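Undergrad: Sequence:
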Amino acid sequence: MSSDRTQDIDSTNPSPKPPQLKLSLDVGSQTSPKDDAVPPSQVVNPKRQRLSSVSEERPKKNQMFFFVNSKNSSSKEKRAHVMRRHIQEKRKQQQASKSTTRSQRTQLINKFQLPRQEPDPEVEYEINASEGRESESSTADSSASYGFVDITSQSKTALELRSSANSHLASPITILDASRKDPFHSLPIVQSRNELELADYWTSRLSYWSGQNQHLKNQVFRAAMSHPFAFQAAILAYCARWKIQLYGLNDWREFQHHMSEVRKGLKAIQAGSAQIDTDSLTMALSGLALQEERFGSGETAQEYVDQAVQLVRPRTGDKTSAEAYMHYTRYMVIPPKSGINTEGRQWLTTFLRGAEELMMEHNTDGYQLAVPRRQAAFQMGSALFPLLSSGPHPSQVPQNSRMFVLQNAPTRDVSRTAALIYITIALRDFRYSLDRTRRFLEYLFAIVKEHRLDQYPACETLVWLLLEETCDADLKDSERAWTTGELLKLTKQLPPGLQFHFDEILMSFLQLMPAIPGIDVFEKELQKMR
1 MSSDRTQDID
11 STNPSPKPPQ
21 LKLSLDVGSQ
31 TSPKDDAVPP
41 SQVVNPKRQR
51 LSSVSEERPK
61 KNQMFFFVNS
71 KNSSSKEKRA
81 HVMRRHIQEK
91 RKQQQASKST
101 TRSQRTQLIN
111 KFQLPRQEPD
121 PEVEYEINAS
131 EGRESESSTA
141 DSSASYGFVD
151 ITSQSKTALE
161 LRSSANSHLA
171 SPITILDASR
181 KDPFHSLPIV
191 QSRNELELAD
201 YWTSRLSYWS
211 GQNQHLKNQV
221 FRAAMSHPFA
231 FQAAILAYCA
241 RWKIQLYGLN
251 DWREFQHHMS
261 EVRKGLKAIQ
271 AGSAQIDTDS
281 LTMALSGLAL
291 QEERFGSGET
301 AQEYVDQAVQ
311 LVRPRTGDKT
321 SAEAYMHYTR
331 YMVIPPKSGI
341 NTEGRQWLTT
351 FLRGAEELMM
361 EHNTDGYQLA
371 VPRRQAAFQM
381 GSALFPLLSS
391 GPHPSQVPQN
401 SRMFVLQNAP
411 TRDVSRTAAL
421 IYITIALRDF
431 RYSLDRTRRF
441 LEYLFAIVKE
451 HRLDQYPACE
461 TLVWLLLEET
471 CDADLKDSER
481 AWTTGELLKL
491 TKQLPPGLQF
501 HFDEILMSFL
511 QLMPAIPGID
521 VFEKELQKMR
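According to full-length UniProt numbering, numbering within the sequence shown proceeds without interruption in unit steps and concludes at 530.
Simulated from the structure, these hints should not be mistaken for laboratory data. Keep in mind that this is a model prediction, so the values were computed, not measured. Hints should not be assumed to be uniformly reliable.
For lysine-lysine, the following DSBU-like pairs were computed, each having C-alpha atoms within a straight-line distance of at most 35 Å [what the hints assert, rightly or not]: (1) K489 with K476; (2) K243 with K449; (3) K476 with K243; (4) K489 with K264; (5) K476 with K492; (6) K524 with K449; (7) K243 with K264; (8) K337 with K92; (9) K524 with K337; (10) K243 with K524; (11) K489 with K449; (12) K489 with K267; (13) K267 with K492; (14) K489 with K524.
Model the full assembly from the supplied sequences, consistent with the hints where possible.
TA: What follows is the structure in structure tokens.
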């Protein structure tokens, strides 16, 4: 049939030529002649003959024929025409197949989508049935926003709630969607584009002068994701307020929205109409304290810290990220100046005297033979020296990123003092065990190397690593972080010159050298503060 129609088209040509098998580029459209005897005028190229033999194996129902005008078209135009038609047909087939498989793909996603599990609450706040309708309506919004336990909401599946809430966000099916910050909607609350931007501020822009401190930020971010309330308080509200300071904005609506939700959540928790675990509540209070310390009121920051301390202080056992963040925030918060009483002054002096005695014990030939690393551990040239020395400390932040550095926050100086106190306390704890002293020093060098602090010194990250206590079990002591915080709180009451003197005395003792000026001079200056 195809040969007859082709001959009809070509009959208008005054000088007929042998057929050139115009459809040879389309394998599916080529048919082989039925007769064994082929006229000489229709002898074809062997390569095209092989194509025609392949086409015989194809079902006839899939064959398509594309016709061209052989009179007014060149061979190149004919081939191009056939290829265009062929591509168009293929596209139609692909679009048809996509429409049939899209529903199947959605069914697979729905099949394997599991509801998000809430952490087991350690501190539960039972639902108060005696409250009136007004209190129930006032906390309903916060309970829905933060994922608090609500028996009436169990009729909908977690997938339905998430799908309806996130309908404004693209589904992470395409390659472009996979490049988004949170392609699989893993963040614990329903997020808008602005909230995704705030999360990005935390993970990639927020910086100290020492650099990004990526490990510290990532650990806090992961811990905050344990509960929507913690995430909104510690990450979103913090970055919304920092964004206002960063760009000098007059629009506070975004920050006020997040803080309004946080206050509703706190009221729901205090009223007993919501459940939240201790770690998540600790993360939220610590994040609020750090926010107030850097962008708001120092007194309010101290109130949040005190509440977090009340939650964590009775705990025992291994330290969680929430507890480490509470200690870190406690270290960073600068309390209002109130002076140091006699007991506080005596404690600071006694601590320095103890560090001096430890230095004399370590500065002997026998001790250094038993613990070879002790002599050079804190000397110039070691990996710990750039982290603990007084400087200078050139910034690791590129010039075009320095606008994202926290301004007027003495995090480096506070972190240095905290690290010096913590390490001194640890070495005193191990003074009667050469093996534990040796392993503790090896642990210090290991974490510095693992997190590349020897190449990019960041004392903030060093303090965080010390608080995490990833060392051997017999080297851990939960009281060490608490004692460090109490001593650090006293040093914050010192004038800047005396604070620097305190740090230099501790650094000299770690380097196994006498302090100049010594403890006596420090004690005299301390007495003048009355």
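Undergrad: Can you list which hints this structure breaks, lowest number first?
TA: 3, 6, 8, 10
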